[in-house]
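Enquirer: Listed below are the residues making up each chain.
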Amino acid sequence: MFSRHERLVPTPSPQEDGPSLSLPWHVHYQPIQPWPTVKRMFETPWVHLRDRQKVTMLTDSDSEARQLEAAIAKSRWILDLKNNFDGRGSPGYRAIVWEVAVRFLRLQWSEYLRQFGEAMPLPEIQPGPSGTIDVFWETPGFELLVNIPTDSAKYAEFSGDNRGKGKIEGTLDPAQPNRGLVSWLASR
Amino acid sequence: MAGIPVGTPIPKETIPDPDRLYRWVPHEFTDKGKPNPGAFGHVDEDMSVDWSKYCSPEDTRKQSLRPAETGVVQMVAGEVRQVDALQVEHAPEVSHPEHSLVLGITTPSIRRSLRKIATWAIAPPQDS
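Sequence lines, in order, name chains A and B.
Note that our numbering has the first sequence beginning at 1360, numbered continuously upward.
Note that our numbering has the second sequence beginning at 31, numbered continuously upward.
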């Protein structure tokens, strides 16, 4: 069946595809799309620009996300530490504490990206004292230490400074994105 | 330590501010050639250190599980006392007259501060 939007071409053309009918002229057809030309006229430049920006952002953040996941994977060695690994009687590190630290980091990373459109500086995930885990940022401009406790009911303690210009410290829920902390990180 | 036979009880003394405190740091608590904040203190416990009056950094290192993979940091007692009113006390044990304690380490802020005033007396091997 042909639509009434068929383009009728009075002169047959060997390059055009179409059904072979025994008509005195050649018929060309295409799928029906409402106002395809009008849509393209008004949407294409903007959509093209927007999609290009999207692709660029996704490409950048994908690359940064891979670095985040690599940093997380690199920290798994902490879980191999056994009781008294340090000779002072420190306990080994439980997977659940490490997972809280990892979740905390992913949450802040996503929040940072959402708020500022760029990747957050990456911290190190390190063994802390007595089975706790430290998430530690150290850059030329600032330092921030978040200690994930062994008791999941407790909040994490944090402390940071931007090289003597100002300090922050307090407690936070590691299971939630923390806009204040992320804003502080972005302002360094 | 010279002049004191092992096993002789040592009376508790006051550690002067200029004296040094040593603490061995296993390689698990180092990163990029520096001690981690995790190297300083336990949760709800006091931090053991060795008083320089009775031992050398090498003596401290020998007490660790794997001396070849271990570094030793040093801190000046008076500087430690200036960190959030931490206390430094001599806590001699029969076989360890150098044993001392830093009391009051409770927060990440204090651990960061200790890390800042600590320097390597014996740096850990780079590849450990």
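Hints are computed from structural coordinates only; laboratory data are not their basis.
Yeah, the Cβ is synthetic: ideal placement off N, Cα and C, and Gly gets one too.
Be aware that one or more of the hints could be misleading.
[Stated by the list, open to error] Have a look at the derived ranges for each label pair, beta carbon to beta carbon:
id: 1; chain 1: B; residue 1: D47; chain 2: A; residue 2: A1454; range: 37 to 45 Å
id: 2; chain 1: B; residue 1: K62; chain 2: A; residue 2: R1465; range: 36 to 44 Å
id: 3; chain 1: B; residue 1: E123; chain 2: A; residue 2: A1512; range: 31 to 39 Å
id: 4; chain 1: A; residue 1: D1532; chain 2: B; residue 2: D47; range: 23 to 31 Å
id: 5; chain 1: A; residue 1: R1453; chain 2: B; residue 2: K146; range: 44 to 52 Å
[As the list claims (entries may be wrong)] Residues from chain A shown here face chain B by an in silico Cβ test under 7 Å; the list is partial:
id: 6; residue: D1439
id: 7; residue: N1442
id: 8; residue: G1446
id: 9; residue: P1486
id: 10; residue: G1487
id: 11; residue: S1489
id: 12; residue: G1500
id: 13; residue: L1504
id: 14; residue: N1506
id: 15; residue: D1510
id: 16; residue: S1518
id: 17; residue: E1528
id: 18; residue: D1532
Enquirer: If a hint holds in the structure, say so; if it doesn't, say that too.
Expert: Now the hints, each set against the structure:
{"no.": "1", "hint": "B:D47 to A:A1454: 37 to 45 Å", "result": "44 Å, holds"}
{"no.": "2", "hint": "B:K62 to A:R1465: 36 to 44 Å", "result": "23 Å, violated"}
{"no.": "3", "hint": "B:E123 to A:A1512: 31 to 39 Å", "result": "36 Å, holds"}
{"no.": "4", "hint": "A:D1532 to B:D47: 23 to 31 Å", "result": "40 Å, violated"}
{"no.": "5", "hint": "A:R1453 to B:K146: 44 to 52 Å", "result": "29 Å, violated"}
{"no.": "6", "hint": "D1439", "result": "10 Å, violated"}
{"no.": "7", "hint": "N1442", "result": "12 Å, violated"}
{"no.": "8", "hint": "G1446", "result": "4 Å, holds"}
{"no.": "9", "hint": "P1486", "result": "5 Å, holds"}
{"no.": "10", "hint": "G1487", "result": "4 Å, holds"}
{"no.": "11", "hint": "S1489", "result": "4 Å, holds"}
{"no.": "12", "hint": "G1500", "result": "15 Å, violated"}
{"no.": "13", "hint": "L1504", "result": "4 Å, holds"}
{"no.": "14", "hint": "N1506", "result": "5 Å, holds"}
{"no.": "15", "hint": "D1510", "result": "10 Å, violated"}
{"no.": "16", "hint": "S1518", "result": "4 Å, holds"}
{"no.": "17", "hint": "E1528", "result": "5 Å, holds"}
{"no.": "18", "hint": "D1532", "result": "16 Å, violated"}
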